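Could you put together the complete structure from these sequences and hints?
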Amino acid sequence: MSRRAAPLALLAPALLLAACAREAASAVAPGAPGFLLGLWHGFIFPVAWVISLFDPRAAIYAVPNDGGWYDFGYFLGIVVFGVGARKGHVVTRDRIVRVRER
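Counting along the sequence shown from 1, when you hit position 69 you're at 69 in my numbering, and nothing is skipped either side.
Simulated from the structure, these hints should not be mistaken for lab results. Note that this is a predicted model, so its numbers are computed, not measured. Positions of the beta carbon are idealized from the N, C-alpha and C atoms, including for glycine. There could be a bad hint or two in this list.
[Stated by the list, open to error] Okay, the calculated beta carbon distance ranges per label pair:
(1) 99 <-> 46: 41 to 49 angstroms
(2) 61 <-> 4: 32 to 40 angstroms
(3) 16 <-> 98: 47 to 55 angstroms
(4) 32 <-> 79: 18 to 26 angstroms
(5) 15 <-> 71: 17 to 25 angstroms
(6) 7 <-> 75: 18 to 26 angstroms
(7) 94 <-> 51: 36 to 44 angstroms
(8) 94 <-> 31: 54 to 62 angstroms
(9) 95 <-> 17: 51 to 59 angstroms
(10) 58 <-> 81: 18 to 26 angstroms
(11) 14 <-> 68: 16 to 24 angstroms
(12) 101 <-> 52: 54 to 62 angstroms
(13) 48 <-> 2: 40 to 48 angstroms
Given below as structure tokens:
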């Protein structure tokens, strides 16, 4: 098996199993936290996670929520406005060294 095929062989069954997952009906309720609260909860995720380690009453995700829109807001809160919005590193080039080949 090639080096590239081995990770795919492990990943494929996991993805197929995850595709069968369903959200519990009790986790979705009309009038529960929606998109805007999901956005807020995603944005404050790092702080909420640390607090949840020490306080069992604190949670990082609202249950019940209104389903897909809450999840979308949560995702955007983490990735766009929260943790994922940080720049990794910036590469700058202040000089170029050219090497002559002989």
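Any of the earlier hints contradicted here, and which numbers?
The structure breaks none of the hints.
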